[in-house]
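Sequence order for the protein chains is A and B. The numbering of the first sequence is the working numbering, which starts it at 1 and goes up by one. The numbering of the second sequence is the working numbering, which starts it at 1 and goes up by one.
Hints were generated in silico from the structure; no laboratory data involved. Each residue gets a CB set at the ideal place from its N, CA and C atoms; glycine is no exception. One or more hints might be untrue.
Rough simulated footprint, nothing fancy, chain B against chain A, three-plus residues with beta-carbon under 8 angstroms [said to hold, decoys possible]:
id : region
1  : 96-109
2  : 348-359
3  : 498-507
Below are the chains, spelled out letter by letter.
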Amino acid sequence: MIPGSRPRNILGVSCYYHDSATCLLREGEIVFAAHEERYTRKKHDESLPVNAVEHALRHAGIAIGDVDAVCFYEKPLLKFLDRIVPTYIEHWPRGFLSYHSAMHEWMQKKLWIPQNIRKELGYEGPVLFTSHHESHAASAYYASGFPDSTVVTADGVGEWATAAIGYGKGTDLKLVKEIHFPHSLGLLYSALTYYLGFKVNSAEYKVMGLAPYGEPKYIKEMRELIEIRDDGSFRLNMRYFSFEHGLRMTGPEIERLFGQPTRKPEGPLLQFHKDVARSLQEITEEAMLKIVGYARQICPSDNLCLAGGVALNCVSNGKILRSGLFKEIFIQPAAGDAGGALGAALAVWHREYGGARLPKMEHAFLGNAYTQEEIEAYLKEQGLPYEKLDDEALMETVAGLLAGECPVQGPETSKEETGSRIIGWFQGRMEYGPRSLGNRSILADARNKENWRKVNLKIKFRESFRPFAPTILEERVSEYFALDRESPYMLLVANTLAHRRSEIPAVTHVDGSARVQTIRRDQNRRYYDLVKAFERKTGCPVIINTSFNVRGEPIVESPKDAVNCFLHTQMDYLVMGNCLISKAKMMGAAKVDTETYLKKFRLD
Amino acid sequence: MKIPPPFNWLWSAWKIFGAAVGKAMSKVILTILWIAGFGLYAIILKIMRLFAKKSRAPDTYWIDVPPPQPGDLHRQF
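Assemble the whole structure, with the sequences as input and the hints as a guide.
Shown next as structure tokens:
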């Protein structure tokens, strides 16, 4: 930056498909990034992220007029005129209903991106457009800190590309190969997600979690659905999929192939479904391994960057890591479309402004925070009793509660007052990306097997098969897991070491694996100090970390959201800033209607 | 501008009617476009494909990505 000149602000925006988000860069440095759903409380909200933008500007202390460029994360005209319209023509007369629905969307908003941005944000400057997979690639490579890297992206679809290979060196990033729609790993996964009765673009990770319960009995059928070449390129057998022209992902052909009808949402989960999930997971891993293997051949580097929705498949990521093809791997925590906002902004910084590379993205705490004063003001306004503790006392107390210590010791202590607690933890800046990483989290003791059932059924109100993920102090990760490096974003699955599985049963999945998050003090001081305090008390450096929300609800953003979630679930304590709120002490202080609260959120 | 009753009720009813008519008209126009525009083009392409040579499966499904062009960040395509 030239001394005396104003810093350059770039706003990245992703919206109008799913998971809209914004990211603000100042001189290339990430100042703020957040998902719109956290503010609107509508999961996977796709609307223009006006609330996230407002918070971004407020956080940075600037106005919209101070933004030098806004970049949208894909090229809408290319998508519409080059793919969407020709696809309808190709499949005519099929696709009539889908055409009607799509045309309304496009005519009303998706063809008017610059106009909508200017109108809704009050912005008057230039609006730029990266390609979809360039946004994904940029979100990973430019945030990785690598001097050079092989880059692989894979998702449902962008304009045309569904997977891409590229190479980044210095400030230069180029995509060299891609695979085109309708042949898509992401859409294959989504189609089978639909077939298994789960929600598309929302519950693919549930299918991943279901897979360990099954056997790979349907690999032959999977190979009928997708042909994978040795170079990792692939082709779907479109006979079995209807997403090109229909309102559904699959039809009767796939039911004939597997010999079972499509599972109804919330219907019983049979062993068949688990076996299909497992088979799908295996074929996806095979494809990704071949893709990264080929990518290494044509874009050689010791480093790999991954992004795109398929990069959220942490089981596959773990296999890529263990393959030894690359020395270092960086996976963008917001690997899905929300991360496109970050990638778009970074691409503009480097390509349009010739900006310098910035250091590695060490954490994903990029949203807004609430001060201690704001938290206390809210609690007082609601008439909720709380205890304010200093930092050291807070960590000791909360760690003790997690470990099962009773806050009130004495002969009158009842059995109900002991036992490990489930704690809502609301601290600092909100996470960017789909995972809670210790600032908007529900925490529990990983040593207590009961916590798996309790948190699933009584707090998250979600399917009982879903596992929980551990947070572990980074310096001790290899003592508990078959992992020799950091995993700050919960995007790598590794096996829990055999002799540790009985020690931390609540975070060890049925096949012995765990989706690990490592934590260092410089990444998140308070969260690290809490886990450290827990370790001092118990000798165990591992706790359960699950997202602070109920099923179908976006992760909580504000004290109000946190209190609402806390009151309507069976969490024992809520910690916001330095305030400790006890459910037991609140009885009568707040009237709750859990059923009404849960009905606000559509099941995902 | 605040419209006094009963005109504000009439204005609301008119807006609702207008929105309903707009919805119906857009369905009609899109259907005409589907048949006359998309349909005509689709039929011509299908006939042309009947005479096109069948290409054999390529060695790879990877497609080369054209290099970025100057100024393409400023375009929606």
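Structure-based check of each hint:
1. Counting residues of the region 96-109 of chain A whose beta carbon lies closer than 8 angstroms to any beta carbon of chain B gives 6, which reaches the threshold of three, so the coverage claim holds.
2. Against chain B, the region 348-359 of chain A contributes 3 residues with a C-beta closer than 8 angstroms to a partner C-beta. That satisfies the three-residue criterion, and the hint holds.
3. Using a Cβ-Cβ cut-off of 8 angstroms, 0 residues of the region 498-507 of chain A lie near chain B, which falls short of the minimum of three, so the contact claim is violated.
Going down the numbered hints, you'll see the structure goes against just number 3.
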